[in-house]
Amino acid sequence: MKDAMQYRQARQRWSTKNRRRNRILTLAAVLCTCGLLFFANRFADEYQIRILNMVAIYITLAVSYNLINGITGQFSLEPNAFVALGAYSSALLTMTPMEKGMNFIIDPCAPWLAQICVPFLPAVIFGGLMAAFFALLMGFPVFRVRGDYLAIVTLGFGEVIRVVANNLQTVTNGPLGLKGIAPYTDLWWTWGLAFVTLFVIIRLVNSSYGRALKAIRENELAAESMGINSFRHKLLAFSMAAFFEGMAGAMLAHLITTISPMLFTFFLTFNLLIIIVLGGLGSLTGSVIAAIAFTWGSELLRAVEEPTDIFGWFTIPGIPGMRMVIFAVILIAAMLFWREGIMGRKEFSWGWLFGLVPGGKQKKSV
Amino acid sequence: MALLESSNLTMRFGGLTAVDDFNLRLLPGELVGLIGPNGAGKTTVFNMLTGRIRPSSGSILFHTDQQVNIIGLKPNRVNRLGIARTFQNIQLLPELSVLENVMMAWHGRLKSPFWAPIFGLPSYRREEEAMIEGSLELLDRVDLLDLVDTEAGNLAYGQQRRLEIVRALATRPSLLLLDEPAAGMNPNETNDLMRLILEIKQDFSLTILLIEHDMKFVMGLCERLIVLDHGVTIAEGLPEEIRRNEQVITAYLGERRRADH
Chain A
11 MKDAMQYRQA RQRWSTKNRR RNRILTLAAV LCTCGLLFFA NRFADEYQIR
61 ILNMVAIYIT LAVSYNLING ITGQFSLEPN AFVALGAYSS ALLTMTPMEK
111 GMNFIIDPCA PWLAQICVPF LPAVIFGGLM AAFFALLMGF PVFRVRGDYL
161 AIVTLGFGEV IRVVANNLQT VTNGPLGLKG IAPYTDLWWT WGLAFVTLFV
211 IIRLVNSSYG RALKAIRENE LAAESMGINS FRHKLLAFSM AAFFEGMAGA
261 MLAHLITTIS PMLFTFFLTF NLLIIIVLGG LGSLTGSVIA AIAFTWGSEL
311 LRAVEEPTDI FGWFTIPGIP GMRMVIFAVI LIAAMLFWRE GIMGRKEFSW
361 GWLFGLVPGG KQKKSV
Chain B
136 MALLESSNLT MRFGGLTAVD DFNLRLLPGE LVGLIGPNGA GKTTVFNMLT
186 GRIRPSSGSI LFHTDQQVNI IGLKPNRVNR LGIARTFQNI QLLPELSVLE
236 NVMMAWHGRL KSPFWAPIFG LPSYRREEEA MIEGSLELLD RVDLLDLVDT
286 EAGNLAYGQQ RRLEIVRALA TRPSLLLLDE PAAGMNPNET NDLMRLILEI
336 KQDFSLTILL IEHDMKFVMG LCERLIVLDH GVTIAEGLPE EIRRNEQVIT
386 AYLGERRRAD H
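Read top to bottom, the protein sequences are chains A and B. Taking my numbering, the leading residue of the first sequence gets 11, the next gets one more, and so forth. Taking my numbering, the leading residue of the second sequence gets 136, the next gets one more, and so forth.
Simulated from the structure, these hints should not be mistaken for lab results. Mixed in with the good hints, there may be bad ones.
Claimed, not checked - Derived list of chain A stretches under chain B, where covered just means 3 residues or more per stretch with a C-beta under 8 Å from a C-beta of chain B: (1) 212-219; (2) 235-243; (3) 274-282.
To be verified - If you want the ones that stay clear, here's a sample from chain B, every Cβ over 12 Å from chain A, calculated: (4) T221; (5) Q226; (6) L227; (7) T368; (8) E371.
Unchecked claim - Which residues of chain B face chain A? A partial, calculated answer using Cβ under 8 Å: (9) R220; (10) L228; (11) L231; (12) M238; (13) L245; (14) A265; (15) L282; (16) E286.
Note that beta-carbon positions come from the ideal geometry of N, C-alpha and C, so glycine has one too.
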């Protein structure tokens, strides 16, 4: 027993020292990002700010999607549904009765909804709660199945939500969608949400609950036999992911100010899937890196959709959607040759960074 | 008062009766062996006792004085009641560290809700500390302390077996089910394992039911044996009696008549 005591003490001394150092570094990194955002807000043009906003929204979405797909290992395909729920909830809640009147031209807005108008923050949180509520509701039947079946059932749910949005004329204005949503979203909102999401999910994953989720991913049989209620933990991960996805959806609605059911098709889920697979299923920092690369990359790749002149010989006409072809090819290549993605299941850590510096090599991180 | 009592336990898979009319009565502090040829239904019995599969008929009572019925409970509930097991094919979490493998077994007892670690509540931090400390102490018992940061999948076979036992202990069971703990071990490792089992039985006041094919191991360790063949209990008694039992010898070696020809 004496051995264990000594070992623990040494371990503790070492880890508290490192934890303090890591905390300071993380805080510094966050402040740096905030500084950059401040400059971007001042000097960047509208297009660049738009990209930065999208980056933050995609970080939020990818990290929370990875919680259920990567960390818990439950392959599901429904985030477009939760994004839609959040976007519609928040958009409808913030619209003034007059704006609603202007939007609902075919059928009038449902009377219980028409008079509601709340500020942005409560609307966003309600959007998240709405998504989380549906996730809970859906989790009960859905988590009776595993693997491929789970993917198919959740895919179906995503479609159902979209079709409902398309047909619930008096609530969602059907295929016409909602226009003129107040543009509340700015860099501080989107990046604030991204940081909060990262903070909450990283804290959860590094706790005993995170261990339980990983145990379910690695070996559900063993996890259950060791007293872990796998069903409840899957529900927890699922609804938490939905909560943040819903809020990100709200941000999206107030960023692009026009939403329609067409925006929330399976392609949204597909984009997120590319991000988390490229970043590494089960790596949150990988998701962040991939989200940045993806959003930025898809802007850079706009070039391929424009008519191209090859040495003045002939002109390739622009093909809209060519970007998606390229991303699909990248995804296929990653799955064939680079299955682990950028980070695999590892996380970026300051200890690792110090290990790269010659002479700064330290003991294995605890 | 018995710790565990099963009566008329039967498991049918379609037309196959894997276990037929199995009766078991475990007294607190016993060390009982469950033996029989391959396919006799031993692991099926374990699966029924731990809630992995639901028996076709029969009853299982845990703590017979309190009449705790196990049938229909999920594995995690059964584990929380105090029945822990190891597996015939090792079931660790290969990509998590040795320490995490043990700490994971603490999670079922965690009192803090999920938001406690997110807000960094002191109540959770205390629980986490206790988890680490308790896990390290357990790992020290089985000489795995040096390997706490190793991925469990990279351990040697014997170490994985020991880790699995320690993980089961971390759930604080009163009844421990060991499914072929000595499988694939050399004689030295087997001897160490016997000592370990007796030690933990004493220190954690456990009742142990184990499946094993190594007869030396079983005869040397168990106080009582139950022999299954084709799902039927063919003998029950002290190791000495079992060793001489005609029916048991037949089940293991085939009938003498056939062997002669």
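Hints, verified against the model:
Interface restraint, the stretch 212-219 of chain A with chain B: holds (6 residues with C-beta to C-beta distance below 8 Å; minimum three). Counting residues of the stretch 235-243 of chain A whose beta carbon lies closer than 8 Å to any beta carbon of chain B gives 6, which meets the minimum of three for the stated coverage. Here the stretch 274-282 of chain A counts 0 residues with a CB under 8 Å from a CB of chain B, which misses the bar of 3, and the coverage is violated. The non-interface label for T221 (chain B) is inconsistent with chain A: the shortest C-beta to C-beta separation is roughly 9 Å, within 12 Å.
Residue-level check failed: Q226 (chain B) sits 4 Å from the nearest beta carbon of chain A, not beyond 12 Å. With a minimum CB-CB distance of about 7 Å to chain A, L227 (chain B) fails to clear the 12 Å threshold, and the non-interface call is violated. Its beta-carbon lying about 25 Å from the closest one in chain A, T368 (chain B) satisfies the requirement of being farther than 12 Å from that chain. The beta carbon of E371 (chain B) sits about 27 Å from the closest Cβ of chain A, which is more than 12 Å, so the claim that it is off the interface holds.
For R220 (chain B), the suggested interface contact is upheld, since its CB lies about 6 Å from the closest CB of chain A, less than 8 Å. Restraint check, L228 (chain B) versus chain A: the minimum CB separation of about 4 Å is within 8 Å; hint holds. The beta carbon of L231 (chain B) comes within 6 Å of a beta carbon in chain A, closer than 8 Å, and the hint placing it at the interface holds. Restraint check, M238 (chain B) versus chain A: the minimum CB separation of about 6 Å is within 8 Å; hint holds.
For L245 (chain B), the shortest C-beta to C-beta distance to chain A is roughly 5 Å, which falls under 8 Å, so the interface hint holds. Taking 8 Å as the C-beta contact cut-off toward chain A, the hint placing A265 (chain B) at the interface is violated, the least distance being around 11 Å. With its C-beta approaching chain A no nearer than about 12 Å, L282 (chain B) sits outside the 8 Å limit, and its interface hint is violated. Checking E286 (chain B) against chain A by beta carbon gives a least distance of about 11 Å; that is not within 8 Å, so the hint is violated.
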